[in-house]
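From first to last, the protein sequence lines are chains E and X.
Residue numbers for the first sequence follow the numbering used here, so the first one is 1059 and each next one is one higher.
Residue numbers for the second sequence follow the numbering used here, so the first one is 1059 and each next one is one higher.
Please keep in mind that the hints were generated in silico from the structure rather than gathered at the bench.
Quick caveat, the model's predicted, so the values are computed rather than measured.
Mixed in with the good hints there might be a few duds.
You can't tell identical chains apart in this list, so a pair holds if it fits in one copy or across any two.
Unchecked claim - In silico EDC-like links for lysine to aspartate or glutamate, alpha-carbon gap of 16 Å or less:
1) 1568 <-> 1502
2) 1304 <-> 1577
3) 1327 <-> 1519
4) 1304 <-> 1597
5) 1331 <-> 1519
6) 1304 <-> 1416
7) 1331 <-> 1515
8) 1068 <-> 1330
9) 1327 <-> 1550
10) 1327 <-> 1518
11) 1244 <-> 1582
Protein chains: 2
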Amino acid sequence: MLQWLKTYRKEFLAGDVGAGVIVAMMMIPQGMAYALVAGLPPVAGLYASIVPPLLYALFGSSSTQSVGPMAIISLMTASALAPLAPAGSALYVTLAGQLALLAGVVLLACGLLRIGFLANFFSRPVMNGFTLGSSLLIALGQAGTLLGGAPLHPHLPSAALGVGAVAFLLLARRWLAPLLRRAGVKPAAADIGARLAPMLLVLGSIALVALLHLDARGVQTIGRVPAGLPHLNLAQSAQHWQALLKPALLIGFVSFLVAMSGAQALALKRAEKLHTNRELVALGAANVGSALSGGFPVTGSLSRSAVNFAAGANTQLAGIVTALLLSCALVLPTGWLALLPLPVLAATIIVAVLGMLEWNTLRTSWRYDRADALALLATAGGVLLLGVEAGVVLGLMLSLGAMIWRESRPHIALLGRIHGTEHFRNVERYAVETDIRVLMLRVDAGLFFGNAEAVNERIEDELAAHPAARHLVLVFSAVNAIDTSALFGLIELNQTLGQRGVELHLAEVKGPVMDRLRDSVLPERLSGRIFLSTANAWDALVLHDR
Amino acid sequence: MLQWLKTYRKEFLAGDVGAGVIVAMMMIPQGMAYALVAGLPPVAGLYASIVPPLLYALFGSSSTQSVGPMAIISLMTASALAPLAPAGSALYVTLAGQLALLAGVVLLACGLLRIGFLANFFSRPVMNGFTLGSSLLIALGQAGTLLGGAPLHPHLPSAALGVGAVAFLLLARRWLAPLLRRAGVKPAAADIGARLAPMLLVLGSIALVALLHLDARGVQTIGRVPAGLPHLNLAQSAQHWQALLKPALLIGFVSFLVAMSGAQALALKRAEKLHTNRELVALGAANVGSALSGGFPVTGSLSRSAVNFAAGANTQLAGIVTALLLSCALVLPTGWLALLPLPVLAATIIVAVLGMLEWNTLRTSWRYDRADALALLATAGGVLLLGVEAGVVLGLMLSLGAMIWRESRPHIALLGRIHGTEHFRNVERYAVETDIRVLMLRVDAGLFFGNAEAVNERIEDELAAHPAARHLVLVFSAVNAIDTSALFGLIELNQTLGQRGVELHLAEVKGPVMDRLRDSVLPERLSGRIFLSTANAWDALVLHDR
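Build out the structure end to end from the sequences listed, making use of the hints.
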């Protein structure tokens, strides 16, 4: 907590303040836009951008993470709340806060229980497919707002404004940085300047609405933004807590995945160390803080964090600067924001989420591992066709299914002796000598419930292929652990082999594994012996027996 | 399919017919009792005992598996149907058939997709905890029927009959086999004879009710059993299919686990090979058959299969004999069954499920691996407090959590050279020489999304501990596979290490892994080299560089 403050140096200040200002400029349009995606009044997006970064600065371990509203989490919020209340209603706003509170408590609990390893649930292709599907779903969801009506019946002034905004943002992304560079701005500064195009667009479109009275011509604007800081907004409605629990678990899980994958990419570049469990606590605190200050579920945003990083943020102070600037924006008169046209906000959303599309993972995995590519496409399709929650569950199942499939096929080698040596190798790869009465199998994986069955099956196959075998030696040189399920498997294997006249021996059992086995009945019940080395087993069972 | 028929020998016949008759004698009370647990009319239990074993004999690979009603699956059926229809109603009966049909289709699909490895989802302690919780829940659920009323307000004649039946069954289990042995019966036959106590009790209690007119004194009996074989009983009610889908998935999963764990224990004793995917198909067909013949979800029952095994069943013919006998019982006049008192059926249920309790797993895992013991208790508690469906999900989460935790901590060794040799070993275990500019790490696990993060973290730690390092050699001698997530991890690691002036090298990449890597951009982007052996890497980076 505040570790960065103890080692703070004066030289950090310029970078932190500069980055804080730039991220605040990105945060204003993004926060309002993502509130819109979540079905909330735009001002909720500003609220959710103040307390969360402050709390993250207090607890988080990434120096550049920018915590606040984020597109996919907003989509999940909308999908969780849609069945419970009409979008934008007072109940809806309260439920959004409750959802953030629950998600925050889930994240805090995971952090305090130190189960951050759960982030390893999602494979990269599945995560990419999830992002892909969600981005398209968000973009499709904004089409109506962009055009001011159904695609075939657009409201022309709104559609002109919206499509114009999309064109401006796309052109700015492509050409603004090169233009600034040609105008003599330093490359890094030019890149960051180009990131402020959405804020420029917001200001420009407000001016345009004011000048042309577009609001009177039917262009929807965000309307009055209540000035002042948010007040506590978490009324009791006990009957909804239960309905929110499952979405809160999924949102907590996804927000952790999103935040970690972004922060880790940046941390690697600076050789900075992230603490998984501290990140969970920090994200949990940020969500609880968002709930208590009129916000909704938040997480780290890769696009803002990357700008924060590029703009020279040295410590979490940059996030504090961002939060202070946003609260200033709310305390100052906010009347000017009322004229911001919704089609322009929709345009910033669409361009932002289409910018998250990344096809390299699909291309690479299609060439490298077709199954991973299909998992990616299935997850994306699941999100698009079944919705974002079903998409998370589908992604989880595909990732875990892949893990279990992998685990259920451990590598097992039948061993033989390299003539005249004490070396034992796979019979399929080396010219080795074997004995028809002695089977030696090396299992190259820890034994546990996920592969116990596969090990048994391989043993049965080898015994069937070598009917003269009277000794089975399991070489445990690569077995780092044996869980309770596998322990029972060994005890039963020993018993059934005994009934069939085959002795079971172990060899090269590692120290820690042997210590554990001594607490069990296996050593005393074992029909055979426990050899220190494979060579000892060979000497005793093959040579002395000749 | 019918493989056993091709190799059938005359000598098998006596054992098969004898076992078939004995299992049928067990099946009659068990089938009716488990139908009661499922909330169905007792005759449904007899229907569910005819077609399923026939279909299992057609497709299954275990010679001794007895397929039919089973306590836990009946409990899950009751729990799935309770919110949808009043127990025993015509709709309830139809829904039970639909549930069996869906579960059967799920099992068939898993078998045809060859994803039987999914059975490796549950760890043994979790399975034991699930059985424990379910057994207690079933026993508690039967207490009212046993006593003919609430525990504090029992119906005295019913309670006397029920408690008397429990006492008889417990005494029979403890003393009948020894008594028969003392009377000169062979030990094996005596053990099997003792298993027929429930059937004896059924017949005795019917006689008692008839003699004492207990039904007129308020003892509930099963009532008229419609004679004749069942007719198709699967009316359309499309609106319920969706509600049944999730329970059907869970029931399919649990019935597969239950059937496999029982069959495998018996198969090992005979060195018989079970085919996981064929078992899935056979169980799926059995459930579809049960649905089409007035039954409900079924699975293999360990208690009956063990008797079938002990009574000398040689092939699946024993199951066919059982099915034929049960259909005869239905064709013959069934009026006598009407007087069977419910408290006696409840007694057979309670004694049967309490017989499934097994404390050895808890005792062993408590000593061997406390975490596994706690998972067992948590699953049992989950079933008791949250219900059987929540229990399955909790068990899944605990098993998978354990797997992911295990996977997220791969063994990684920092290597050094044993002086004067070409052998490289863990610096923590051997006296080896190292070079401060060259870090060599051996990863003892396949690289995939579940451990990619842990590998990165270890690399960061080692680089922080060895700031002079300019080369990182990853020794892949134990890496059997690299998935897409880990491939991306390596590409990014290579890039970020490059920015920090550290070259990344690989050594001892296995043939199949190298073949896959060649399809990726890693080899061309790698800042360092790919060495055939660790010794080559040492020579090039340490010796030639001196």
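What label fits residue 1331 with residue 1519 when the C-alpha limit is 16 Å: within, between, both, or neither? between (47 Å within a copy, 9 Å between copies)
When Cα atoms must be at most 16 Å apart, do residue 1304 and residue 1597 count as within-copy, between-copy, both, or neither? neither (60 Å within a copy, 56 Å between copies)
State whether the alpha carbon distance between residue 1068 and residue 1330 is at most 16 Å within one copy, between copies, both, or neither. neither (20 Å within a copy, 75 Å between copies)
First find the shortest C-alpha distance between residue 1304 and residue 1416 inside one copy, then the shortest across copies, and answer within, between, both or neither for a cut-off of 16 Å. neither (29 Å within a copy, 34 Å between copies)
Same-copy or cross-copy closeness of residue 1304 to residue 1577 [CA-CA at most 16 Å]: neither (40 Å within a copy, 41 Å between copies)
Could you place residue 1331 and residue 1515 in one of the four classes (within, between, both, neither) given a Cα distance threshold of 16 Å? Close across copies (8 Å), not inside one copy (43 Å); limit 16 Å.
Intra- versus inter-copy proximity for residue 1582 and residue 1244 (alpha-carbon distance at most 16 Å): Classified as neither; 75 Å inside a copy, 32 Å across copies.
How do residue 1327 and residue 1550 come out at 16 Å by Cα distance, when the copy is not named: within, between, both, or neither? Only across copies: residue 1327 and residue 1550 sit 10 Å apart there, 51 Å inside one copy, limit 16 Å.
For residue 1568 and residue 1502, with the copy left unspecified, which applies at a CA distance of at most 16 Å: within, between, both, or neither? Both: 13 Å inside a chain and 14 Å across chains, each within 16 Å.
Intra- versus inter-subunit Cα pairing at 16 Å for residue 1327 with residue 1518: Result: close only across copies, 11 Å inter versus 50 Å intra.
Given a CA cutoff of 16 Å, do residue 1327 and residue 1519 count as a within-copy pair, a between-copy pair, both, or neither? For residue 1327 and residue 1519, the Cα distance is within 16 Å only across copies (15 Å; inside one copy 49 Å).
Figure legend: structure checked against the earlier numbered hints; hints not met, in rising order: 2, 4, 6, 8, 11.
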